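The listed protein sequences correspond, in order, to chains Y and V. This note's numbering puts the first residue of the first sequence at 1, with every later residue one more than the last. This note's numbering puts the first residue of the second sequence at 1, with every later residue one more than the last.
Derived from the structure by calculation, the hints contain no laboratory data. In this text the structure is predicted, and so the values were computed from the model without any measurement. Cβ coordinates follow ideal geometry from the N, Cα and C atoms, glycine included. Please note that a few of the clues may not be correct.
To be verified - Computed far set for chain Y versus chain V, every beta-carbon distance over 10 Å:
#: 1; residue: 36
#: 2; residue: 48
#: 3; residue: 57
#: 4; residue: 75
#: 5; residue: 90
#: 6; residue: 108
#: 7; residue: 172
#: 8; residue: 179
#: 9; residue: 187
#: 10; residue: 207
#: 11; residue: 208
#: 12; residue: 284
#: 13; residue: 329
#: 14; residue: 356
#: 15; residue: 360
Unchecked claim - Some chain Y residues judged to face chain V by a derived CB distance under 8 Å, without partners named:
#: 16; residue: 83
#: 17; residue: 85
#: 18; residue: 128
#: 19; residue: 129
#: 20; residue: 148
#: 21; residue: 151
To be verified - With a straight-line cut-off of 27 Å between C-alpha atoms, the simulated DSSO-like cross-links for lysine-lysine are:
#: 22; chain 1: V; residue 1: 293; chain 2: Y; residue 2: 233
#: 23; chain 1: Y; residue 1: 177; chain 2: V; residue 2: 480
#: 24; chain 1: V; residue 1: 231; chain 2: Y; residue 2: 263
#: 25; chain 1: Y; residue 1: 177; chain 2: V; residue 2: 476
#: 26; chain 1: V; residue 1: 337; chain 2: Y; residue 2: 218
#: 27; chain 1: V; residue 1: 391; chain 2: Y; residue 2: 98
#: 28; chain 1: Y; residue 1: 233; chain 2: V; residue 2: 292
#: 29; chain 1: Y; residue 1: 98; chain 2: V; residue 2: 452
#: 30; chain 1: Y; residue 1: 218; chain 2: V; residue 2: 207
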Amino acid sequence: MYDLIVIGGGPAGLAAAQAAYEEGLRKILVVERDGELGGILNQCIHNGFGLHYFKEELTGPEYALRFIRMVEKTRIEFKTDTMVLDVQPDCTVSMISKEEGYQVCEARSIVLAMGCRERARGAIVLPGARLAGIFTAGTAQRYVNIEGHMVGHRVVILGSGDIGLIMARRMTLEGAKVLACVEIMPYSGGLTRNIVQCLHDNDIPLYLSHTIVDIKGKNRVEQVTVAKVDDFKKPVTGTEFTIDCDTLLLSVGLIPENELTRKAGIPVDERTRGAYVFDNMETLTPGIFACGNVLHVHDLVDYVTLEGQRAGRAAAVYVKGDQKTENLRMMTLKAGKEVTYTVPQYIRVSGSADESAPVFFRVGRGILKGAVVVQAEDEKIATFNREHMSPGEMERVALPMKLLSRARVAEISVSVEDTSELLK
Amino acid sequence: MNRDVVIIGCGIVGAAVAYELSRYNLDVEVIEKENDVAMGTTKANSAILHAGYDPAPGTLMAKLNVEGLELAKELCGRLNISFRECASMVIAFTKEEAAELEKLREQGIQNGVPGMCILSGEEARLMEPNLSKQALAALLAKSSAIVNPWEYALSLAENAVANGVKMRFESDVSGIDRVENGYEIHTTSGIVRTRYVINAAGLNAEKIHSYVASPSFRTLPDRGEYYLLDKSEGRRVNHVIFQCPTKVGKGTLVAPTIHGNLIVGPNNETPRDAFDTATTAQGLDHVAQMAKKSIPSLNLRESIRNFAGVRAATDFDDFIIREVDGAPGFIDAAGIKSPGLTAAPAIAKMVVRLLEECGLEVVQKEKWITIPRPMRFSEMDSAEKRSAWAKNSSYGRVICRCETVTEGEILNALGSYIPPRSVDGVKRRCGAGMGRCQGGFCSPRALDILAKYWRVAPEEISQDRTDMYILTGETKAEVKRECTT
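Please put together the full structure from these sequences, using the hints given.
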């Protein structure tokens, strides 16, 4: 019997395992489906990781290695090349590997840290011929960065998610010509720094409010047709232009990988596509916690690490029997005006003066200057001023428990007021 | 080398004919222009075995549909081909359509379809809770089934090969000469001589026919577009849900697939050419609109793939299965549109009878073996999983995480009678890449296994057809070249 089984050995899982170990748990197992720990960071060979957490600029593998080195010094057990097939709500986990075959392991708690996957062509109903040469950006990244294969010479990128932007730069550095980045929304889905460093610095045009309406070719992509879209994201006739290319990379969104979660009967929030969680990262199934991209898609690994640590610490508290939830008031967190979701969705309010609940959320549109308003019915509990909010960048506020405990109702909302208008 | 029979085309019809002929002491070869079985219409369709009430009584389609369905059920059982008798409903939304259901039922009775009855809207909704409230009545046909068409064609072809039939892939037929006692078939991989020819070339059947005789039919390619939805939508319906058939076809359907997904489609469109399997925004919009008429709660946001298939329809409103006028021993099996997948085993038996009428003597083989499809890892219970791994540890390495496909299954397919050449070939055999990430995770791994098995560079592995290459070379190839020179 393990104290804790962590599913996924990427940044979230490693941070959770490490934190649980530091809290005193000893029988911890991390299960990783790939051959090595580190998760998707291993193929992210560009820099920019760790600016918040380590206050220095690391590559993905370097960032992962810091945590791998840390956990290697502990007695945490690892199974790599091992696929989890099933999770039961009683914390039984079945898994399979070439080395050890089919195994069923029991635990007192579980941290779900399976990460996310990319949306593919079928998910966005991208019309045109069925051809080779169409990759999701992450698959192309694996081919290029891990396996050393080129995926094409003349590249168009659909979607401006961070992986797409990073791949625009990577393909350019590898000698390919990146002809365009096409984004259906009027804003980019990626970090501003990536727009600047990956597109602008390489003179790659970004077509906002545009999409691909046709793909032509015989066996491999030969041409794509791009068109402007209207306010309802419908292509505008007459605005079409073609680009001759041999490769189309898709960077059209990430989806938390929650098949195990759903199969275990753990309730999933359709907005985040991750489990509903309390402020300690516990799902609605006691003893099962979730963190990182399996919970909601992050932009920065630094916050994944923090979330993983929070989940790991909470799992340790749970296993040690120190989790006192019965007497705590439960609060529901609602996504208010301009806010698309919040994580967590529930907070157990302790009266403690030095505790606060970190709340992550995203806005639905770009807001130059705004105020994040936390509200219980008509009463404003807290206001945080923020500048340059955009859907591509996750926002974070810390809600002091003390403030929350003063609220009289069981539901509070997080909304954003656009204050840029007021300036004029 | 002189063959007794050459079959041109290895879709479901060619494969079924090959399977049927493999029972006899004959020298048979299949010529296929692509690198795998089931690369044309068989690859992209609704994957349904029809009950048989649609075709007009008296047509070959009507006769072979009902016969074929019986044979298909028996075959799928024997060969362990994924198959489920889930029954179908044709939905009527108006009084005129309700009257049409009566006609369909009458037609079905004449065609010999068992297990049909007409349900009221309420009765239909009891069995199919997500059905539109606008549905007035439904024709229930209990014998309709869903099947995996690739697996079906592959299994038939593999069993044929196991029993001595030769396969010649990547061989496009460029001409056919009449010679004494038969035909000389010119292909891109050489000449094949044979006494008899079966033209099962699907969308190319008109061209193949024209090599030996003047045209007697014209191909009218008819494209249908589809959505495939994630398994989370797989239980939206329990039956195959049709709408009332129109002149052009059976209309848009919503159906569970044998893998637990949901299939939505098709429409009817004239493609640019017979091999134009592109999808269009308008076409898919139309499909969505039509499908929501039957099932308003359909969640198309769960789409994981869109595809289009081209039906090998002709200007003749029936299957064309006969010896060609003026070309003795040359048999067309052409115009095999819906219900071709259902009729295929009956078509094959008819073709063998026609061959006998042409003078071919058939003598049963003493030894004729059956190779059932191997069980998929995901279908196994935990004891079977343990034992599969104990026999071969590569069953412990999961390659496709969405569908839980193991390396062992892929290696097993590579050791089969018709090993996969492409990433999609692996998908058709093992299911890797069929899931919600559509090969994003497993395709580099499948490609690697293929390159190692075939001992070729990774750049030579194709997505599907031979020239659909995935990789364009090594990274930093120029730098590496400069360093070595």
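For each hint, the structure was consulted:
Every beta carbon of chain V lies more than 10 Å from that of residue 36 of chain Y, the smallest distance being close to 14 Å; the non-interface claim holds. Listed as outside the interface, residue 48 of chain Y is consistent with that label: its C-beta sits roughly 21 Å from the nearest C-beta of chain V, beyond the 10 Å cut-off. Non-interface status of residue 57 of chain Y relative to chain V is upheld: no Cβ of that chain comes within 10 Å, the nearest being about 23 Å off. Against chain V, the non-interface label of residue 75 of chain Y holds: every CB pair exceeds 10 Å, the least being about 25 Å.
A cut-off of 10 Å between C-beta atoms confirms that residue 90 of chain Y is not in contact with chain V; the least separation is 16 Å. Here residue 108 of chain Y stays apart from chain V, with its beta-carbon at least about 22 Å from theirs, past the 10 Å limit. At roughly 13 Å from the closest C-beta of chain V, the C-beta of residue 172 of chain Y stays outside 10 Å, upholding its exclusion from the interface. The claim that residue 179 of chain Y lies off the interface holds: its Cβ sits roughly 15 Å from the closest Cβ of chain V, which is beyond the 10 Å cut-off.
For residue 187 of chain Y, the shortest C-beta to C-beta distance to chain V comes to about 21 Å, beyond the 10 Å cut-off, and the non-interface label holds. The Cβ of residue 207 of chain Y lies farther than 10 Å from every Cβ of chain V, with a closest approach of about 18 Å, so its non-interface assignment holds. Residue 208 of chain Y, annotated as away from the interface, keeps every beta carbon of chain V farther than 10 Å; the closest lies near 20 Å. For residue 284 of chain Y, the condition that its CB be more than 10 Å from all CB atoms of chain V holds, with the nearest at approximately 19 Å.
At roughly 34 Å, the least C-beta separation between residue 329 of chain Y and chain V is larger than 10 Å, which holds for a residue marked as non-interface. With a cut of 10 Å on Cβ distances, residue 356 of chain Y stays outside the contact zone with chain V, its closest approach being about 36 Å. For residue 360 of chain Y, the condition that its CB be more than 10 Å from all CB atoms of chain V holds, with the nearest at approximately 23 Å. About 4 Å separates the beta-carbon of residue 83 of chain Y from the nearest beta-carbon of chain V, less than 8 Å, and the hint is met.
The beta carbon of residue 85 of chain Y is positioned within 8 Å of a beta carbon in chain V (closest approach about 7 Å), and the interface hint is therefore held. For residue 128 of chain Y, the suggested interface contact is upheld, since its CB lies about 5 Å from the closest CB of chain V, less than 8 Å. Because the beta carbon of residue 129 of chain Y sits about 4 Å from the nearest beta carbon in chain V, less than 8 Å, this interface hint is met. With a least beta-carbon distance of about 5 Å to chain V, the hint placing residue 148 of chain Y at the interface is held under the 8 Å criterion.
The beta carbon of residue 151 of chain Y is positioned within 8 Å of a beta carbon in chain V (closest approach about 6 Å), and the interface hint is therefore held. Distance restraint check for residue 293 of chain V and residue 233 of chain Y: the Cα-Cα separation of roughly 24 Å lies within the 27 Å cut-off, and the hinted pair is therefore satisfied. Restraint check: the Cα-Cα separation between residue 177 of chain Y and residue 480 of chain V comes to about 19 Å, which is no more than 27 Å; the hinted pair holds. At roughly 12 Å between alpha-carbon atoms, residue 231 of chain V and residue 263 of chain Y fall within 27 Å of each other, so this suggested pair holds.
Restraint check: the Cα-Cα separation between residue 177 of chain Y and residue 476 of chain V comes to about 14 Å, which is no more than 27 Å; the hinted pair holds. Only pairs whose Cα atoms come within 27 Å are accepted, and residue 337 of chain V paired with residue 218 of chain Y is accepted, the gap being roughly 25 Å. This hinted pair checks out: residue 391 of chain V and residue 98 of chain Y have alpha carbons roughly 11 Å apart, not beyond 27 Å. Proposed proximity of residue 233 of chain Y and residue 292 of chain V is supported: the alpha carbons are some 21 Å apart, at most 27 Å.
Only pairs whose Cα atoms come within 27 Å are accepted, and residue 98 of chain Y paired with residue 452 of chain V is accepted, the gap being roughly 19 Å. Proposed proximity of residue 218 of chain Y and residue 207 of chain V is supported: the alpha carbons are some 20 Å apart, at most 27 Å.
In the structure shown, no violation is registered for any of the earlier numbered hints.
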